[in-house]
Amino acid sequence: MDRLQKAEVEDFKAHFQGEVLLPDDAAYDEVRQIWNAMMDRRPGLIARCVSPEDVVQAVRLARKHNLLVSIRGGGHNIAGNAVCDDGLMIDLSLMKKVQVDGNAHRASVEPGCTLADFDAVAQAHGLATPLGINSTTGVAGLTLGGGFGWLSRKHGMTVDNLLSADVVTADGNQVHASETENEDLFWGLRGGGGNFGIVTSFEFQLHPVGPDVLSGLIVFPFDQAKSVLTQFARFTETISDDLTVWMVTRKAPPLPFLPEDVHGKEIVVLALCYAGDPVEGEKLIEPLRGFGTMLGEHIGVQPYTAWQQAFDPLLARGARNYWKSHNFSQLSAGAIDAIIEYAGRLPSPQCEIFIGTIGGQTARVAPDAMAYSARDANYVMNVHARWESAAEDERCIAWARDFFASSQPFASGGAYINFLTQDETDRIAFAYGATYDRLVELKKKYDPTNLFRMNQNIKPV
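Numbering (my numbering), first residue to last: 2 to 462.
Please keep in mind that the hints were generated in silico from the structure rather than gathered at the bench. None of the values given here were measured: they were computed from a predicted structure. It is possible that some hints are incorrect.
What the hints assert, rightly or not - Simulated restraints on C-beta separations:
hint, residue 1, residue 2, range
1, Arg365, Lys446, 25 to 31 Å
2, Glu342, Lys446, 21 to 27 Å
3, Val302, Gln423, 36 to 42 Å
4, Asp102, Val10, 36 to 42 Å
5, Gly277, Gly297, 23 to 29 Å
We put the beta carbon where it would ideally sit given N, CA and C, even for glycine.
Model the full structure from these sequences, guided by the hints.
Laid out in structure tokens, this is it:
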């Protein structure tokens with residue numbers, strides 16, 4: 002890092018409680034690695050914060066020396082914005098404290114926590130808040146981009162359950178943001194994707210959940226995809242808020258409840274979670290079994306924390322990943338046909354298309370209530386290209402892009418900011434829709450020099 006002299010680095014270390022890593026330090030290569038193996042960047046300096054005061058020191062160092070800044074929470078973002086080349090990586094992954102007030106149904110969560118960290122402590126009290134479906138995801142990035150999962154139809158987006166946040170702003174000051182304090186900043190944090198500061202603590206509303214939930218998978222052969230998807234689209238338009246059903250098309254992994262001759266072949270999967278009484282849930286999910294001739298099912302009452310981790314083996318760190326995404330207000334026949342066409346030519350065994358069903362409570366919040374505005378999105382599609390070798394990059398990325406283009410005529414407005422890749426900066430304004438101009442004004446106020454630009458960037462112009 003040419004802008005920093007050795008003496009300046011040593012001075013920074015002297016006032017920093019956490020760990021400071023340079024490229025020749027033993028732990029450097031491990032710490033700079035993130036979930037998406039396509040991103041192989043080398044920061045000039047890594048500041049591993051253990052307190053809000055460390056974050057302040059790191060931000061002030063970056064301002065003083067005009068350093069490029071990246072911010073790592075869980076390091077799971079598809080675009081790889083957690084790590085930068087040559088600049089300063091502010092690593093929050095050591096800040097992992099979770100405190101739950103079981104009586105008030107509230108939790109305070111530090112930005113290095115994963116979903117698993119948060120869920121484990123909250124579930125000890127029989128509580129949870131809506132989070133994503135891969136437990137290794139970071140709470141911070143998920144929340145700042147919106148956040149949705151198995152509980153969202155009943156309890157809203159993750160940002161709908163954010164009560165307040167402690168933030169280090171671009172000028173190196175610590176502020177508190179809520180509905181009654183720095184309200185404009187709080188509005189922007191809820192979906193603004195890290196553009197306005199570094200959150201050092203999140204306060205969430207919690208809800209009684211589980212600790213056991215009815216959940217699992219129903220699997221159908223791919224040649225019945227048209228019938229299954231058509232019925233899935235109709236069924237999910239009218240279901241209870243307690244029930245969430247997602248659809249996944251992929252090649253079958255070697256799941257023990259599937260016949261061996263199905264392994265490696267294209268399948269259609271319905272993944273479900275019922276957040277109410279399991280006895281009632283069994284009645285509501287029975288029609289799903291009749292959508293086709295099942296290859297197998299694995300449904301039962303299990304700990305909510307176990308279901309939150311069920312997809313982790315398919316989403317482990319270290320593979321190469323590229324995503325494309327659309328929002329849909331409804332799944333039309335054209336959208337279904339496009340899904341089936343491209344699911345029939347998956348370029349690698351790990352590629353998949355999933356349709357996450359939201360709606361319910363997520364749709365009952367005004368579009369301008371916060372930065373996240375896609376309240377007409379009843380479904381979020383993720384085209385997940387995933388593979389192992391760089392030699393496969395071109396083929397797998399082309400498949401995702403081609404399917405994205407083919408399905409675009411059937412999509413609704415906006416886009417889910419957490420699913421945008423590093424080459425989709427042209428979609429940022431579209432993703433925010435009517436809230437974008439207000440976000441630009443906020444950026445001018447809180448980060449006029451665009452210090453925080455390693456994100457889906459809202460430029461202060």
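Going through the hints against the structure:
no. : hint                           : in the structure
1   : Arg365 with Lys446: 25 to 31 Å : holds (30 Å)
2   : Glu342 with Lys446: 21 to 27 Å : violated (46 Å)
3   : Val302 with Gln423: 36 to 42 Å : holds (41 Å)
4   : Asp102 with Val10: 36 to 42 Å  : holds (41 Å)
5   : Gly277 with Gly297: 23 to 29 Å : holds (25 Å)
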